[in-house]
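Protein chains in written order, with UniProt numbering: chain V, 1 to 795; chain E, 1 to 795.
A couple of the hints might just be wrong.
As the list makes no split between identical chains, a pair holds if one copy fits it or if it spans any two.
[To be verified] Restricting the straight-line Cα-Cα distance to at most 25 Å, the calculated cross-link-like pairs of lysine-lysine (BS3-like) are: (1) Lys417 <-> Lys376; (2) Lys709 <-> Lys756; (3) Lys509 <-> Lys327; (4) Lys192 <-> Lys655; (5) Lys760 <-> Lys413; (6) Lys360 <-> Lys655; (7) Lys709 <-> Lys690; (8) Lys756 <-> Lys509; (9) Lys518 <-> Lys649; (10) Lys518 <-> Lys376; (11) Lys413 <-> Lys303; (12) Lys192 <-> Lys518; (13) Lys518 <-> Lys304; (14) Lys758 <-> Lys655; (15) Lys709 <-> Lys304; (16) Lys756 <-> Lys192; (17) Lys298 <-> Lys192; (18) Lys518 <-> Lys360; (19) Lys709 <-> Lys303.
The set of hints was computed from the structure by calculation and includes no laboratory data.
A quick note: this is a predicted structure, and the numbers were derived from the prediction, not measured.
There are 2 protein chains.
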Amino acid sequence: MEKHVSTAAALTDAELTLIDRYWRAANYLSVGQIYLLANPLLREPLKSEHIKPRLLGHWGTTPGLNFIYAHLNRLIRARDLDVIYICGPGHGGPGMVANTYLEGTYSEIYPDISEDAEGMRRLFRQFSFPGGIPSHAAPETPGSIHEGGELGYALVHAYGAAFDNPDLTVACIVGDGEAETGPLAASWHSNKFLNPARDGAVLPILHLNGYKIANPTILGRAGDDDLRRLFEGYGYEPLFVTGHEPRDMHQQMAATLDRVFERIREIQEQARSGKSTAGCPRWPMIVLRSPKGWTGPKEVDGKKVEDFWRAHQVPVSNCRGNEGHRKILEDWMRGYDPEDLFGADGRLKPELRALAPAGKRRMGANPHANGGLLRKELAVPDIRDYAVDIGKRGSVVAQSTEILGHYLRDTMKLNAKAANFRIFGPDETESNRLGSVFDVTDRVWMEDIEPYDVHLSRDGRVMEVLSEHLCQGWLEGYLLTGRHGLFSCYEAFIHIIDSMFNQHAKWLKVTRELEWRKPISSLNYLLTSHVWRQDHNGFSHQDPGFVDLVANKKADIVRIYLPPDANSLLWVGDHCLRTYDRVNVIVAGKQPEPQWLSMDEAVKHCEAGIGIWHWASNEEDTISPDLVMACAGDVPTMETLAAVDLLRKAIPELKIRTVNVVDLLALQSRDQHPHGLADEAFDAIFTADKPVIFAYHGYPYLIHRLTYKRANHENIHVRGFVEEGTTTTPFDMTVLNELDRYHLAIEAIERVPGLKEKAKDALAAFRGKLAEHHNYVREHGEDMPEVRNWTWPAA
Amino acid sequence: MEKHVSTAAALTDAELTLIDRYWRAANYLSVGQIYLLANPLLREPLKSEHIKPRLLGHWGTTPGLNFIYAHLNRLIRARDLDVIYICGPGHGGPGMVANTYLEGTYSEIYPDISEDAEGMRRLFRQFSFPGGIPSHAAPETPGSIHEGGELGYALVHAYGAAFDNPDLTVACIVGDGEAETGPLAASWHSNKFLNPARDGAVLPILHLNGYKIANPTILGRAGDDDLRRLFEGYGYEPLFVTGHEPRDMHQQMAATLDRVFERIREIQEQARSGKSTAGCPRWPMIVLRSPKGWTGPKEVDGKKVEDFWRAHQVPVSNCRGNEGHRKILEDWMRGYDPEDLFGADGRLKPELRALAPAGKRRMGANPHANGGLLRKELAVPDIRDYAVDIGKRGSVVAQSTEILGHYLRDTMKLNAKAANFRIFGPDETESNRLGSVFDVTDRVWMEDIEPYDVHLSRDGRVMEVLSEHLCQGWLEGYLLTGRHGLFSCYEAFIHIIDSMFNQHAKWLKVTRELEWRKPISSLNYLLTSHVWRQDHNGFSHQDPGFVDLVANKKADIVRIYLPPDANSLLWVGDHCLRTYDRVNVIVAGKQPEPQWLSMDEAVKHCEAGIGIWHWASNEEDTISPDLVMACAGDVPTMETLAAVDLLRKAIPELKIRTVNVVDLLALQSRDQHPHGLADEAFDAIFTADKPVIFAYHGYPYLIHRLTYKRANHENIHVRGFVEEGTTTTPFDMTVLNELDRYHLAIEAIERVPGLKEKAKDALAAFRGKLAEHHNYVREHGEDMPEVRNWTWPAA
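Please take these sequences and the hints and turn them into a complete structure.
What follows is the structure, encoded as structure tokens:
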């Protein structure tokens, strides 16, 4: 395998000159955006007032991004390719904007930024300017599906976009800073999950400019030999483009891209001809070594700038106040020779404009990068076909996620032809009881498959890898390009992707404000193997705090559901899969649990989001109860019902109302969340003055935070997970956190005015039960029979 | 480079037989822990009642872990090595417990689990049993610094432990499941930061058993050739140990470990002799391919178990109820020949016990794995030496983190000889204004150093890599082995390590309950480049939610500080560095900001955690004010003071109290947090009934959550970050989120009963200012002069 591709005559002299001019135009526009308020074409000498008062933007990575963009344009035109561009170094926002402006996309979307001198002035001014556009590639940037914020997710987004898009090539630029992150280091292994017969291609371009903010980078300083071995080890064929002299670099890049797209075509043809389905092809990737701040000032104030980290942001900083600096900027910009690039009217010269692809082939206009344009509704079956017949209430035991698995299996089947639905998870689909989907599909796997392997195939639609980062990133890429999916995960470990969730929620918030960005499917989490049933894995696996993070995001973006049983999970799962532009979090157990609601009841209850369970209440109609027992989450619901049962048997005259919450954000005030209950409705459920014992699935503080504006808030007493846990029995987990039936019943007695004295015997009995439990589990290693075998009493 | 090390005569026959017996003993004890309640030595046929009712544990990885442990014991004895064992596959808890029991450490720490038949019975029974020990390697496990929970951090912990421990070798077992995670994939690059002259060695052992829960693994299925290239690419010398036949495997492993420790010695001697300081040495690492569930049942119920994922947890499951299953278990355990391993009294036979190292050389007793034993107090300078002279209040401008940088520089200097303090950060030490530390140290870097590089050296004590995961993991490993450190990070991106923080906080919670675990230094975060000053990077860089996650943890573990200026940051930073067994989060800006408190005032204020700023209040002593203006965080403090200034000028008769909060958890009730103010103290500050306008740095809900129990809670009106942001000016960021001086002043007027009508003109003026601001920034690209130039008025 050779290191550098032979560059003989990849481009004619004329072609080379044209592509170099195009590149210079992009570089010119990039610098202009960072610096200029006015005088965009340098028709007059640069003056202080032409310079922005605050210089915000990143030059360092930009010329390399522009170089790649120009060369991809050539290939797209030459081969009529369908390509999108993922800009890992998101700081290179000026480059992305410059290129989409040059190709015309920008002005089509934002007519105000027209293709003339005045448009160019506005283009420059708006960049990183109040009321303008962000400094990074962002939702506002045409052609982007990748926010240039947090680093690490470019490549995994690229793979997500390529799955089930056989004609698409996703060019993915990975900066050498980003390449140091964990998620990116794992993302290279995504090639083991991409099937050339049905998926598109990903072309990773590792863009090494050698430096991050103030340091060299690991891969930038590594030798070619180590890099070659590293990427061969990851399963790629690395091709190197190295240098700084533009003409030589153009020839190298053109030849390398020709070779790369040849190779991609070969791999795809071979796979699609049915000639070979064996193993994981060795896809090409490019290592592009070019100077940081390429073509920018070599030195400023006697300090090295080009090809060093000082070129990272604004290479010459005081152009408004310092004439010498301003001169450096002017020389730099004039060095691109704007008269050679733009006509008298400020438009890009026609021979250069002709280098950009046309219509949807332009990377800024490719509909894959505005996935809502391509999104087809997911076909879903009728949830009633999967309903659990609950018989006598609480007597039937079912595994909620298993029931949902049947629904997902048929959803998978209904959309098999459309090939636009996948399920993602870190090796836990079966463990999370969604195994029914394997009746109709497999796990995708491109490495060797052994005869004894189970449900592994090249064509599987279940994506399993022991990396929550990859699951999340693939799914994001898949959704952003207009498809559908579900991510099932152990509840505790979803925190691994907290920051990715953050970034995606931010993306959605901004896209909802952009009319031209069309809605995409919601990002759906099924969090299972949850805190209360991690009794076997212990404390490290017990954390219900992801929803706290979610609740911080903009209300229109997020929903949190805690279905108490299988039929309600069916409603919630189905509902979430049909929504768009949201993040839906569903928390539901996978263990056998009693079933409470018929399908009709579940539909009604879930649609309301919150409601009184009259069958579990003994208050008389329209009379205020003595006590409200509220719950959210499957285990808390069971413990609450068991507590209600205990209380009713011990103190029959106590009037108890039982309330269940499915849609957690319904607890919030209506002015805080669109699903929030109106105050009257809330008071009608929780009363205005009675004690509420609230058994909640997660950290109790969230309930206080959601309800602090409610009239009865000071009577709401919440129990939840308080960071007590270990390897023990399921019931002992609730006891350790004082969320169990006995603690709930005891608190109920203590909170109802005057009851404590009257119900002394019951109090003593419940306390006795806690002591009995303590001894029993430590002796027998399992829960007391009366706990294990408890069922809701017949009416 | 050869693939397999020649195995000729690494072990004599006698040695081989002994080590194999030792391994069998560990395997026997591992199986016993998973399955048995009684009959530990199989002195009678296995009966139903000998089996645990719930079988919780993981067999699959355990025999391999035991194999490695036994062989490391041999090397430790032969070469008198100082080695700790990091068990990446934390599920292998039974193996870690078995080995520390065999070497005697376990019984020394837990005398109840004695080295005899009764002790063995208790050892078995306690495992994964209520009131017993967790199923994973955990704080309870001797010799462990690594919780076996979330996967991905074994190798980064190993490197953290090795830094500045020149005589230590950290053997780090990485499972092939874990190897799929992002953080682990990046961790291999830690070799670029380890200096053989001053640091210890890390020996990574990639333990490929081929499967995770229900799937093959990426590296397990990869060919040797790809693996070799991958790890060579990462900069290692990979050595392979492959097979399943025990005798052959023992010889391979022994020979390979001999070679590995030779090579480690060579590298260290060369570096320490001063002969070579060039480049990054090619450290050896081992790829151990052994079957999953090695030596366990080959098949159960006709299905492949050994060497397949079905061996992951409990390979034969129904041993209590199914006689056939019980027979498989009994045959399996008897296959290890317990009579050959344990004497009549149940003790390990003396010739086997002699294979374990003695005293502190035992990996379970190595003090590095109980870092508090080795921890020396950090030497710190007097903060008064760095105090900012504030002159006229609010007139001096300083960058808080820069001032802290001076203190850190001298702390670094004072501990240079002890070599037990490092600073960690993702390429942001300089950007976060801590650059003074480079007066006395550099960034560590083992790849090539160019003449024009700045503050890069082999001996630097600042660790910079563009991976929050690596920074966090290195620091954790460094702290867990008894040293000190600080992690400075952009506030938004600290969410990347949310889950690592979770796991570390859980570790601390449990270790505090174990008398034999000695306190370690706190994990200190300095979050800067915070939400209000990410105006230049935009929305993706704006997130203050990490503290919400932190506040969910056990109160004794966590502290959150929001110092309003440089002197208070000095107090807080100094305080945090001197605490132990905690996680301290400090949020402080790096931009020039007005200074409010003299050092004396800062000390008093920070020690109280919360207080009235009388100099900024105009209430008369002992008289209740009309209004409380509260703030937490530097930018909110400035906006609050500016609002107070506006209000006092516009409505001189309004009696305003100004309150500042440094120690956020002081807001909580005393029964919820040890720093919580007593209710009377809280009421004395916030009043029982006056409106409180609270300007908070982060998401406003947190303040409600912390104060919901307080008498005056319903009058507390919080403003904070509400997910509105973009690239704009600093002041515009506060306006977008309605945390600016004008919004604060307007709300104050609206909330004080009867004031709205009286202060109509002021209201109109403030609203006018908001409109004026809106237009001004969009025209000029910077904030209005009256905003930029505002200063606190002279007294």
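Okay, the hints, checked on the actual structure:
1. Lys417 <-> Lys376: within (12 Å within a copy, 65 Å between copies)
2. Lys709 <-> Lys756: between (29 Å within a copy, 23 Å between copies)
3. Lys509 <-> Lys327: neither (41 Å within a copy, 60 Å between copies)
4. Lys192 <-> Lys655: So Lys192 and Lys655 fail the 25 Å test inside a copy (60 Å) and across (68 Å) alike.
5. Lys760 <-> Lys413: neither (58 Å within a copy, 65 Å between copies)
6. Lys360 <-> Lys655: Classified as neither; 66 Å inside a copy, 64 Å across copies.
7. Lys709 <-> Lys690: Both, since 16 Å and 17 Å are each at most 25 Å.
8. Lys756 <-> Lys509: This pair counts as neither: shortest intra-copy Cα distance 50 Å, inter-copy 34 Å.
9. Lys518 <-> Lys649: Neither: 56 Å inside a chain and 49 Å across chains, both beyond 25 Å.
10. Lys518 <-> Lys376: This pair counts as within: shortest intra-copy Cα distance 12 Å, inter-copy 59 Å.
11. Lys413 <-> Lys303: neither (63 Å within a copy, 29 Å between copies)
12. Lys192 <-> Lys518: This pair counts as neither: shortest intra-copy Cα distance 31 Å, inter-copy 45 Å.
13. Lys518 <-> Lys304: So Lys518 and Lys304 fail the 25 Å test inside a copy (45 Å) and across (49 Å) alike.
14. Lys758 <-> Lys655: So Lys758 and Lys655 pass the 25 Å test inside one copy only (14 Å; across, 50 Å).
15. Lys709 <-> Lys304: Classified as neither: same-chain Cα gap 58 Å, cross-chain 58 Å, threshold 25 Å.
16. Lys756 <-> Lys192: neither (64 Å within a copy, 66 Å between copies)
17. Lys298 <-> Lys192: neither (42 Å within a copy, 29 Å between copies)
18. Lys518 <-> Lys360: within (16 Å within a copy, 64 Å between copies)
19. Lys709 <-> Lys303: neither (58 Å within a copy, 58 Å between copies)
Consistency note: the structure conflicts with the earlier hints numbered 3, 4, 5, 6, 8, 9, 11, 12, 13, 15, 16, 17, 19.
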